[in-house]
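Listed below, chain by chain, are the residues.
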Amino acid sequence: MIFDSEIWQITILSLQVSALATIISLLIGLPLGSWLALGNFRGRSFMLSIINTGMALPPVVVGLVVAITLWRSGPLGDLNLIYTPIAIIIAQTIISAPVVTGLTAAALEAIDPRLQQQLLGLGASRGQMIWLLWREARLPLLAALMAGFGSVISEVGASMMVGGNIKGQTRVLTTAIVLETGKGEFNQALALSALLLVITYLINLALTSIQQRGARR
Amino acid sequence: MSALIQIRDLVMRRGKRTVLAIDSFEILRGERLTVIGPNGSGKSTFLLALAHLLNPASGEILFEGKSLTHWDELKYRRKISFVFQDPLLLDMTVEQNVGLGLKFRGVEKDEAQARIMKWLKQLGIESLAKRRAGQLSGGEAQRVSLARAFVLEPELVLLDEPFSSLDPPTRAKLLDDLSALLAEDHRTAIFVTHNLKEATQLGSRVAVVMEGKLRQVGTIRQIKAKPADETVAVFLKELTN
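Residue numbers (this note's numbering), protein chains in the order written: chain A, 194 to 410; chain B, 59 to 299.
Hint data in this document are derived by calculation from the structure and do not stem from the laboratory.
One or more of the hints may lead you astray.
Unchecked claim - Example chain A residues on the side facing chain B (calculated, C-beta under 7 Å, incomplete): (1) R307; (2) L308; (3) Q309; (4) G314; (5) L315.
Stated by the list, open to error - Under the rule of at most 20 Å between Cα atoms (straight-line distance), these lysine to aspartate or glutamate pairs were calculated in the EDC-like manner: (6) B:K161 <-> A:E329; (7) B:K188 <-> B:E169; (8) B:K133 <-> B:E122; (9) B:K188 <-> A:E329; (10) B:K133 <-> B:D149; (11) A:K360 <-> A:E373.
Claimed, not checked - Partner residues are not named here, just some residues of chain A that face chain B (Cβ under 7 Å, in silico): (12) A249; (13) S318; (14) E329.
Just so it is clear, CB atoms sit at the ideal spot from N, CA and C, and this is done for glycine as well.
Looking at chain B on its own, in the form it has when it is part of the complex (with noise of 0.2 Å):
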């Protein structure tokens, strides 16, 4: 698999404070990344970075071998989708919720129609079509949410912790249809969480960010086994228990 993300000498900034530092990192594509770390580990900002939405204060991240600052942000951002902790749908319909994205990029409406449905029903949310966003329980709008970002076909979904705000049925639901969904898409994915679980069951490798540090990379189960240093293994204990 080659290189869809390169990063090098990454510092993220807020204000004077450095909230992130990655000297190298790959990520493959076709690749399901988790990344977990505790709260304000620099986990969001690490998405937010891939997502061109903040900018590096040095370093660089290359998409396709070209790094984010020659690409041009709209077409780069069109590449790519982002799925947030809180679904953030917008007072219409759940379909046209899901065709947002579609309707920036000027797909044609009856392709965006069929595109829309065939998600809508993948996440088995098909019978909400025409129900409008405020009348969806937690669980729906997530899945309106996820269908929004994937209806795109885009070549890197991020993730950010988006099962976190839901009760636990729902979210081992969703997660369950998420893991199933993503290991027949085969689509590069990044999913921030803080949940263990969710880290087990979703990415093929785990990264732990930690003070805004890369700590450690590797499946779960190597992680678990030889953690970097004590910080890493009090946290796995933390997740753990």
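The following block holds chain A by itself, in its conformation from the complex (with noise of 0.2 Å):
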């Protein structure tokens, strides 16, 4: 099996899913860490507290919430998204959505109240003031990309109840380990683990170099 044109499907598949689920995870993460840093609302703690758990919400957890909302009984079974590549995608979105969320705010909560006040004092519209605080803590909201990303890529519980881990549809890196290691075909397993490991490593060395670029400037 290894490197043939099935473990480069997988790989493909991997990648492409745990991409997806980041980048909706920031588009949802961002803007929703930013609220609950700079807002001023009831509610507000009680909003960070709850995010703040999600970060730390077990995958299979998820995996079979996703799994029963998505069953074909289910509440939205009518979709027929079970065991398909956009089931792991929602799954691992639930999964980094609040990792991404959780560490922007935190990222937002550590730079100087003030300078909002200062960004606005200089004319500032909203939009402007918010672009420039990402700007000023872009080494931290790297880092919530990182974490973001790791939390799925490595992630397998959640993929395996809501993908089912189907050969040439739904299988990706880590659901193919648990096959392997399963069948006692520990040299495919370990195969298949570096690569993940490597894949892993390599993006992260992408997101390193660019984030302590920034920090050397």
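Work from the hints to combine the two standalone chains into their complex.
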């Protein structure tokens, strides 16, 4: 199996699914985290505590809830999404979005709150102010991106439960590792694990070099 | 001189606590007003209210005869600029920091660059244009902060104890430079301090704020000669000592 067409297909699907889940998490987490960090409204602390709890959501619990929701007899069963890559993306987004949201909120809360007033006092619109605060917090925000991606590329429980580990359709690197281990094919499982580690390392290396270039400037 | 700012029955609260209450006050166009008072007296709240960064609990502030609540918030804030106690520079070069407000206002690149260079020169920091904010000394950073405010050529400049975190020689030099700049510029400026020397040097009129109330307004000579009451007299004496 090693380095045949199937493994490339599994690898590409893993990257596609996790990258899409991370991008959707960013689209949710950046604005939501900014709103939580910069807003001044009732229930803000409660919402932050929910998000922080969400950062430690067990993937199997997420998998279970998504599976029940997308199951043929479930509330969204008519969409026929169970055991599809979209189901994995949904589950991974639910895992990753709180991580990105929570770390975005923490990154923005660490900035001197007077900077908001200073930017507004120089005539910034709300949008211009938030953009510049993101720019100031770009290093921890990149860390949020890395943590979000890391939480899903390495996740197995939810992908297995909602994807079904179907060969050629929903099999990703982590579920393939579980399958090979179950079959006693430890060499294949080890090879897939090494591949997963190398991919994760290369992506984080790229992001870290961007982050450190920013830090050294 | 006509009134640029009029204050009517202004009450500012933090939670349930009243931190500032001013019945009636006017600031004239082109005036240099210094606000003095002890720590926690409501001076900074006064500036934040004037900048429309804090909303009054009651009463109103009128700018050019129109209540701030009727001004488009962004349009109003683009007529003023604010200098805080700390420079609060962004992690970018000096010229990018100075040009921030111009960028917010969509000023064309060539014009923005010319104005940035003019004000960097005016504040004696043109050699620092390409340096990153993190590499500046406290005095240099505060000069950048002043250039960033003045480059906007605002109708009103609000300065909240901009020199209080600087060492005495740097402070004296910057005070001289700002004083000369304001004398030449004829811009309306409100300067908050609890330093009598700064108040004397910078303000044509001085307002004493104590415990959230405007206790006395006049030239420093008038206030010293005839303090409104015992607490103002004691406060001035403490400052002089």
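Here's how the hints hold up against the structure:
1. R307: Cβ of R307 of chain A sits 6 Å from chain B, so the hint holds.
2. L308: holds (5 Å)
3. Q309: violated (9 Å)
4. G314: holds (3 Å)
5. L315: Interface hint status for L315 of chain A: holds (4 Å vs cutoff 7 Å).
6. B:K161 <-> A:E329: Holds, because 17 Å separates the two Cα atoms, which is no more than 20 Å.
7. B:K188 <-> B:E169: Between K188 of chain B and E169 of chain B the Cα gap is close to 18 Å, so the pair holds against 20 Å.
8. B:K133 <-> B:E122: holds (13 Å)
9. B:K188 <-> A:E329: holds (18 Å)
10. B:K133 <-> B:D149: violated (26 Å)
11. A:K360 <-> A:E373: Holds - the C-alpha atoms of E373 of chain A and K360 of chain A are around 12 Å apart, at most 20 Å.
12. A249: With a minimum Cβ separation of about 31 Å from chain B (threshold 7 Å), the hint on A249 of chain A is violated.
13. S318: holds (6 Å)
14. E329: Holds, about 6 Å.
Against the hints set out earlier in the document, violations occur for numbers 3, 10, 12.
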